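> Starting from the known structure of chain D, fit chain H onto it as the hints suggest.
2 protein chains.
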Amino acid sequence: MQQITIKALARELNLSVSTISKALRDSHEISPATKSRVLQLAARLDYKPNPYASSLRGKKSRNIGIVIPEVADSFFSLAINGIDATVKEKGYHSIICLTHEDFKNEQAILKELQNGRVDGVLMSVSSETTSGKHIRALMEQHVPVVLFDRVLADVPAAKVITDDIASSYKATQHLLRNGCKRIAFIGLSQQLSISADRLRGYENALREHGNKLSSKHILTCTPDPKKNLAAIKKLLQQKDRPDGIVTAVEKLAPLVYQACGQLSLSIPQDVKLVCFSNLELAGLLNPSLTTVTQPAYEMGQKAAEILLRLLDSKPVHKGDMQIMIPSRLVERNSSGEGN
Amino acid sequence: MQQITIKALARELNLSVSTISKALRDSHEISPATKSRVLQLAARLDYKPNPYASSLRGKKSRNIGIVIPEVADSFFSLAINGIDATVKEKGYHSIICLTHEDFKNEQAILKELQNGRVDGVLMSVSSETTSGKHIRALMEQHVPVVLFDRVLADVPAAKVITDDIASSYKATQHLLRNGCKRIAFIGLSQQLSISADRLRGYENALREHGNKLSSKHILTCTPDPKKNLAAIKKLLQQKDRPDGIVTAVEKLAPLVYQACGQLSLSIPQDVKLVCFSNLELAGLLNPSLTTVTQPAYEMGQKAAEILLRLLDSKPVHKGDMQIMIPSRLVERNSSGEGN
Numbered sequence: 001m002q003q004i005t006i007k008a009l010a011r012e013l014n015l016s017v018s019t020i021s022k023a024l025r026d027s028h029e030i031s032p033a034t035k036s037r038v039l040q041l042a043a044r045l046d047y048k049p050n051p052y053a054s055s056l057r058g059k060k061s062r063n064i065g066i067v068i069p070e071v072a073d074s075f076f077s078l079a080i081n082g083i084d085a086t087v088k089e090k091g092y093h094s095i096i097c098l099t100h101e102d103f104k105n106e107q108a109i110l111k112e113l114q115n116g117r118v119d120g121v122l123m124s125v126s127s128e129t130t131s132g133k134h135i136r137a138l139m140e141q142h143v144p145v146v147l148f149d150r151v152l153a154d155v156p157a158a159k160v161i162t163d164d165i166a167s168s169y170k171a172t173q174h175l176l177r178n179g180c181k182r183i184a185f186i187g188l189s190q191q192l193s194i195s196a197d198r199l200r201g202y203e204n205a206l207r208e209h210g211n212k213l214s215s216k217h218i219l220t221c222t223p224d225p226k227k228n229l230a231a232i233k234k235l236l237q238q239k240d241r242p243d244g245i246v247t248a249v250e251k252l253a254p255l256v257y258q259a260c261g262q263l264s265l266s267i268p269q270d271v272k273l274v275c276f277s278n279l280e281l282a283g284l285l286n287p288s289l290t291t292v293t294q295p296a297y298e299m300g301q302k303a304a305e306i307l308l309r310l311l312d313s314k315p316v317h318k319g320d321m322q323i324m325i326p327s328r329l330v331e332r333n334s335s336g337e338g339n
Numbered sequence: 001m002q003q004i005t006i007k008a009l010a011r012e013l014n015l016s017v018s019t020i021s022k023a024l025r026d027s028h029e030i031s032p033a034t035k036s037r038v039l040q041l042a043a044r045l046d047y048k049p050n051p052y053a054s055s056l057r058g059k060k061s062r063n064i065g066i067v068i069p070e071v072a073d074s075f076f077s078l079a080i081n082g083i084d085a086t087v088k089e090k091g092y093h094s095i096i097c098l099t100h101e102d103f104k105n106e107q108a109i110l111k112e113l114q115n116g117r118v119d120g121v122l123m124s125v126s127s128e129t130t131s132g133k134h135i136r137a138l139m140e141q142h143v144p145v146v147l148f149d150r151v152l153a154d155v156p157a158a159k160v161i162t163d164d165i166a167s168s169y170k171a172t173q174h175l176l177r178n179g180c181k182r183i184a185f186i187g188l189s190q191q192l193s194i195s196a197d198r199l200r201g202y203e204n205a206l207r208e209h210g211n212k213l214s215s216k217h218i219l220t221c222t223p224d225p226k227k228n229l230a231a232i233k234k235l236l237q238q239k240d241r242p243d244g245i246v247t248a249v250e251k252l253a254p255l256v257y258q259a260c261g262q263l264s265l266s267i268p269q270d271v272k273l274v275c276f277s278n279l280e281l282a283g284l285l286n287p288s289l290t291t292v293t294q295p296a297y298e299m300g301q302k303a304a305e306i307l308l309r310l311l312d313s314k315p316v317h318k319g320d321m322q323i324m325i326p327s328r329l330v331e332r333n334s335s336g337e338g339n
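Protein chains in written order, with the working numbering: chain D, 1 to 339; chain H, 1 to 339.
Some clues are possibly wrong.
[What the hints assert, rightly or not] Here are the simulated lysine-lysine pairs, PhoX-like style, with alpha carbons at most 20 Å apart:
1) K111(D) - K111(H)
2) K233(D) - K251(D)
3) K60(H) - K90(D)
4) K227(H) - K251(H)
5) K239(H) - K181(H)
6) K111(D) - K60(H)
7) K104(H) - K90(D)
8) K104(D) - K88(H)
9) K314(D) - K88(D)
10) K111(H) - K88(H)
11) K212(H) - K170(H)
12) K216(H) - K233(H)
13) K227(D) - K216(D)
14) K251(D) - K251(H)
15) K111(H) - K88(D)
16) K181(H) - K216(H)
17) K88(H) - K88(D)
18) K111(D) - K227(H)
19) K60(D) - K181(H)
20) K60(H) - K314(H)
21) K90(H) - K104(D)
Just so you know, these hints were derived from the structure itself, not from any lab. Quantities reported herein were computed from a predicted structural model and do not represent experimental measurements.
Chain D on its own, in the form it takes in the complex (with noise of 0.2 Å):
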């Protein structure tokens, strides 16, 4: 059902919209007789006026939303500390909302937005999102969406990504350097943005090196970590077991440990790993684990100033549309020699 607006009411009582305003508002400037009109009409149509909308009360929400899959992750908690630092500057609060992995619980989440509760909305996609309609709808609503890290390509919103395709190649280059001769892959769902760059830039490293790409070799994550431990375990039990590991999900890290403790194989002498992750402790690992370390922080700020420009009606230039904030390879003892 079309919500009735003030401007549909204007129309209907050939009043003008900001007649309808003062007189919902009972303002003194307004006739009582007019007031009994507008207010009438307002019944008859089931007009809900909304408190947190501007053109009612004059004012925002003040709260933006950060819809995200989770944050029991440390990309997450660094990109939520990095927008909350900067909308808290101009007055905002921030509202986050989880979606778990869960396309439907996403769309259900953005249509809960939709009715003025936020001013704007960060948001990174499920892993099970192909389609931007829903954030289309939002969009079409008037709030103001920034995607970052995870994004869509038919979304016409600003974007704040990291160079997973680049760095994801480094991350394979560094470990055939390493002596690495047979490289497995374990990413999110392939729909998903940047597991797909992920796999794109491991498997551009390994084509360039002359290696064969295996789809044994190549495993997708599950939500269940029993199920991805016992995948993990099966990938390192092949007659030719992989001798080194990119991972593109944080999470996974510990069930590379796990598995390698459970079958006996030492990291990095038998299986050589690294990891896309922002985990703090990743230098205090046995063994320290080499990472993929993206500017969660960085992304976060970036993501939120551009989401307060739009919110200012200011102008976002050409250039901010798409913004790339490179990650970094560390190295640490899991990818190394081992000696």
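Frame of chain D, contents of chain H only:
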């Protein structure tokens, strides 16, 4: 300013609450004349319908607010998962609001949540919070609240906690048994229920063992990791250097490892360490970290269950007003013999 309620409108017009509610919803059961009277009075008294309130739309917002200090802590990210899994089953969404350990933020957030945006709130207070006035104000607006982990004595809400005194006592006793003579304690602000209780457990164990308590061995952590690292190093450079540490805060564990590394002290040979932590990686650290592991998921789950009962207007038994779920000491290498 007092909010005008449907009740007040009913009193003024000598009509029933249900008649007012139906008139506002333009029900066919109400005559046009009555509707007009209701709408005019509503306008005159500046009655603001709350689009999320059950009284007006016959339905709730179906949102639960989770108000917590931060998400970069595995206790809170696990608790969120426990909450989300529980409320989702009943068709609720949760909205996470972070206080970043700032009391003013916390006050502002609770004020925001007063206007029907959420049906109920699950909350763990900031380390700056000493009074529950803002929480009581929310409860007076008929938004039920359940506190978990970090609770306040002066809030008459249901509380879900863990056995902080007993588990800190056990952790300290474990270090004493393993030969530590000078055990230090690092906590958050002692205004915080959990921090005061953990300090108490530590002191009880030392006292019972006949050890002297020394204020030089008690450290309060600040929001600044650099200052914390400096303070830990200073602690470990004292003449009577501690040979054991109980830390009540997860994020301090990596700093203790770093400080020891920089001072060439070995864990556990020179300093034995136990940390309150739900880190999934605790077992993979070098050395693996002995933890007091809290029932984070279960605490979130239980708190959500009680809130759902309150939202269903079901009775909450007296025994459910304060629920304690025990933590467990998981012994690993950081507190062991180090052979």
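> Next step is simple, just say for each hint if it's right about the structure.
Each hint, compared with the structure:
1. K111(D) - K111(H): violated, 24 Å
2. K233(D) - K251(D): Roughly 16 Å separates the two Cα atoms, so the pair holds.
3. K60(H) - K90(D): The given pair, whose Cα atoms are some 31 Å apart, is violated under the 20 Å limit.
4. K227(H) - K251(H): holds, 13 Å
5. K239(H) - K181(H): holds, 14 Å
6. K111(D) - K60(H): Given that 20 Å is the threshold and the Cα spacing comes to 15 Å, the pair holds.
7. K104(H) - K90(D): holds, 15 Å
8. K104(D) - K88(H): The given pair, whose Cα atoms are some 12 Å apart, holds under the 20 Å limit.
9. K314(D) - K88(D): Between K314(D) and K88(D) the Cα gap is close to 18 Å, so the pair holds against 20 Å.
10. K111(H) - K88(H): Violated, because 25 Å separates the two Cα atoms, which is more than 20 Å.
11. K212(H) - K170(H): holds, 18 Å
12. K216(H) - K233(H): holds, 13 Å
13. K227(D) - K216(D): The hint holds at about 17 Å.
14. K251(D) - K251(H): Within the cut-off at roughly 18 Å; holds.
15. K111(H) - K88(D): Satisfied, since the Cα-Cα distance of roughly 16 Å is no more than 20 Å.
16. K181(H) - K216(H): holds, 14 Å
17. K88(H) - K88(D): violated, 29 Å
18. K111(D) - K227(H): violated, 44 Å
19. K60(D) - K181(H): Outside the cut-off at roughly 59 Å; violated.
20. K60(H) - K314(H): This hinted pair holds, its Cα atoms lying about 16 Å apart.
21. K90(H) - K104(D): Roughly 15 Å separates the two Cα atoms, so the pair holds.
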